[in-house]
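Trainee: In case you want the letters, here they are:
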Amino acid sequence: MNASYTPHPDAAGVLADCEQRALEREGIPMFLALEDLTGGLPAVRDERALAEGPELARLTGHYQELLRPEAGDDDLKSLASVITVLARAHFDEEGRA
Amino acid sequence: MTGHGFEQHKAALHEGRYLRVVNYHNTPYSMEGQLREELAAYAASFACVTLEDLDHFYATGQWPLDRPGFIPVFYEGYLNNATVAAPICDELGIVAWFPVITRFIDCPVPDQRAFAQAHHIDLVEEELGMDRLAMAWDDVAAIAERHVVIPHTGSHEEIAKVLSAEDVEREIVKPRRDVEHVTGREAAAFVWLYGTPYGTSPAQDAAVRDAGYRYQISNTMIQRIGRGTPTPS
Chain A
1 MNASYTPHPD AAGVLADCEQ RALEREGIPM FLALEDLTGG LPAVRDERAL AEGPELARLT
61 GHYQELLRPE AGDDDLKSLA SVITVLARAH FDEEGRA
Chain B
1 MTGHGFEQHK AALHEGRYLR VVNYHNTPYS MEGQLREELA AYAASFACVT LEDLDHFYAT
61 GQWPLDRPGF IPVFYEGYLN NATVAAPICD ELGIVAWFPV ITRFIDCPVP DQRAFAQAHH
121 IDLVEEELGM DRLAMAWDDV AAIAERHVVI PHTGSHEEIA KVLSAEDVER EIVKPRRDVE
181 HVTGREAAAF VWLYGTPYGT SPAQDAAVRD AGYRYQISNT MIQRIGRGTP TPS
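Residue numbers (the numbering used here), protein chains in the order written: chain A, 1 to 97; chain B, 1 to 233.
Since the hints were derived computationally from the structure, they do not count as laboratory data.
Be aware that one or more of the hints could be misleading.
Said to hold, decoys possible - Listed next, the stretches of chain B that the computed footprint assigns to chain A, with coverage defined by at least 3 CB atoms under 8 angstroms from CB atoms of chain A:
(1) 10-19
(2) 25-35
(3) 45-58
(4) 61-68
Stated by the list, open to error - Derived contacts from chain B toward chain A, CB cut-off under 10 angstroms, selection only:
(5) 6
(6) 38
(7) 41
(8) 72
(9) 92
(10) 95
(11) 112
(12) 115
(13) 117
(14) 119
(15) 122
(16) 177
(17) 206
(18) 210
(19) 214
Where a beta carbon is used, it is the ideal one built from N, C-alpha and C, also for glycine.
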C-alpha cells in the first residue's frame with residue numbers, strides 16, 4: 001500500500017480560510033498525534049497508517065516551512081495552525097483513494 | 001519520542017501514531033441538515049473509534065477497523081449536542097465522544113446563560129433566548145449508552161488556575177466521579193480548557209493521573225498517561 005499526496009497549491013489561502021471559521025458552530029478536522037507516556041505502545045503495525053503517515057509528516061513539514069517558518073519547535077499555537085491546514089487539505093485523502 | 005512540538009508531531013505521523021478527529025462545539029437546529037450531511041460523508045469514508053478501539057491500538061499498534069479511524073467530538077455539554085448531534089450520530093450509526101463541563105450540567109437552568117458567559121462557553125445567537133442551554137444528567141446517561149462521555153473539567157477552568165486541593169477536587173476529581181456515577185461507565189479521558197497537553201504543569205498532571213484518567217486529549221495529541229483499571233461497565 002502506497003500513499004502519495006500532493007501539497008495544496010494555496011496553503012496560505014487554506015490557512016486564511018481556517019482562521020475565518022466560526023469555531024463555536026463548525027466542525028474542525030484535525031490529525032492528533034498519539035503519544036504513550038506509560039511506555040507501552042508497541043511499534044505500529046497498521047499498514048494503512050504506516051503508508052499514509054510518512055506522507056502526512058512530509059506535508060506537515062512542507063506547510064510548516066511555508067506558513068510558520070519562524071515558529072519554534074514548541075510553538076503549540078503554530079503547530080495547531082499547521083495541523084488545521086493539513087487536515088483541511090488532506091483529511092479525506094484516504095476516503096478519496 | 002514524547003513531547004509537544006513540531007518534531008514530535010511529525011515523528012508520530014511518520015510512525016503511524018495518529019488519529020483523525022473533528023471537533024464540534026454548538027450544534028443548533030439551524031445546522032441540523034449541514035451536520036447530517038457532513039457526518040454522513042465522514043461515516044462513508046471512516047470508521048468510528050470507540051474507547052475500546054483506542055485501547056486496542058495502544059495495546060497492539062493496530063486499529064481493529066476496516067477503514068481509517070476518526071472521532072467526532074462534541075464539546076462542552078450543550079443541550080444541542082444531546083438534541084441535535086447525538087440523534088444524527090445514532091441515525092448514522094456513528095459513535096461520538098462528548099467531553100462535558102460537569103458544572104454546566106449541574107447549573108440551574110435560569111443561571112446557565114450567566115454560567116456560560118462567565119466560563120468561556122460560547123453560545124450561538126439563535127439559542128440566546130432558550131431557557132435550557134446545557135444537557136441534563138439524564139441526557140448524559142442516555143448518550144453514554146451509545147457514545148463516549150468524558151469530563152472537560154468541572155467549570156471550564158484553565159490549568160493555571162487549578163491550584164488548591166479544592167480546585168483539583170472541583171475541576172478534575174469530582175467531574176470523573178459524577179460522569180461515572182451517572183453513566184455507569186469509565187470516564188477514561190480528560191480535556192483541559194484550551195486543550196492544554198499533559199507535561200506542561202507537573203502538579204496538575206499528577207492530579208489528572210491520580211484521579212484515574214488514562215488518557216488526556218489536547219489540541220494536537222491524545223496522550224496515554226496511565227493504564228489504570230478500567231471501571232467495569
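Trainee: Each hint: holds or not?
Mentor: Each hint, compared with the structure:
With a threshold of 8 angstroms between beta carbons, the proposed coverage of the region 10-19 of chain B by chain A holds, since 10 of its residues qualify and at least three are required. For a cut-off of 8 angstroms, the count of residues in the region 25-35 of chain B with a CB near a CB of chain A stands at 6, and the three-residue condition holds. With 4 residues carrying a beta carbon less than 8 angstroms from a beta carbon of chain A, the region 45-58 of chain B meets the three-residue requirement, and the given coverage holds. For the region 61-68 of chain B, the assignment as covered by chain A holds, since 5 residues bring a beta-carbon within under 8 angstroms of that chain's beta-carbons and 3 suffice.
This hint holds: residue 6 of chain B has a C-beta 5 angstroms from the nearest C-beta of chain A, less than the 10 angstroms allowed. A hinted interface residue such as residue 38 of chain B counts as satisfied when its beta carbon comes closer than 10 angstroms to some beta carbon of chain A; here the least separation is about 6 angstroms, so the hint holds. Interface restraint check: residue 41 of chain B against chain A, minimum CB-CB distance 8 angstroms, threshold 10 angstroms, status holds. Restraint check, residue 72 of chain B versus chain A: the minimum CB separation of about 7 angstroms is within 10 angstroms; hint holds.
The interface hint given for residue 92 of chain B is broken, as the beta carbon of that residue sits about 14 angstroms from the closest beta carbon of chain A, more than 10 angstroms. At a threshold of 10 angstroms, the smallest CB-CB gap from residue 95 of chain B to chain A is about 16 angstroms, leaving the interface hint violated. The beta carbon of residue 112 of chain B is not positioned within 10 angstroms of any beta carbon in chain A (closest approach about 16 angstroms), and the interface hint is therefore violated. About 16 angstroms separates the beta-carbon of residue 115 of chain B from the nearest beta-carbon of chain A, more than 10 angstroms, and the hint is not met.
Interface hint status for residue 117 of chain B: violated, as the beta-carbon distance to the closest one in chain A is roughly 13 angstroms, over 10 angstroms. About 14 angstroms separates the beta-carbon of residue 119 of chain B from the nearest beta-carbon of chain A, more than 10 angstroms, and the hint is not met. Among the interface hints, the one on residue 122 of chain B holds; its C-beta lies about 4 angstroms from the nearest C-beta in chain A, closer than the 10 angstroms criterion. For the restraint placing residue 177 of chain B at the interface with chain A, the shortest Cβ-Cβ distance is roughly 23 angstroms, beyond the 10 angstroms limit, so the hint is violated.
Hint status for residue 206 of chain B: violated, given a least beta-carbon distance of 12 angstroms to chain A, over 10 angstroms. Restraint check, residue 210 of chain B versus chain A: the minimum CB separation of about 14 angstroms is more than 10 angstroms; hint violated. A distance limit of 10 angstroms between C-beta atoms decides the matter here; for residue 214 of chain B the minimum to chain A is near 9 angstroms, and the interface restraint holds.
When held up to the earlier numbered hints, the structure conflicts with 9, 10, 11, 12, 13, 14, 16, 17, 18 and fits the remainder.
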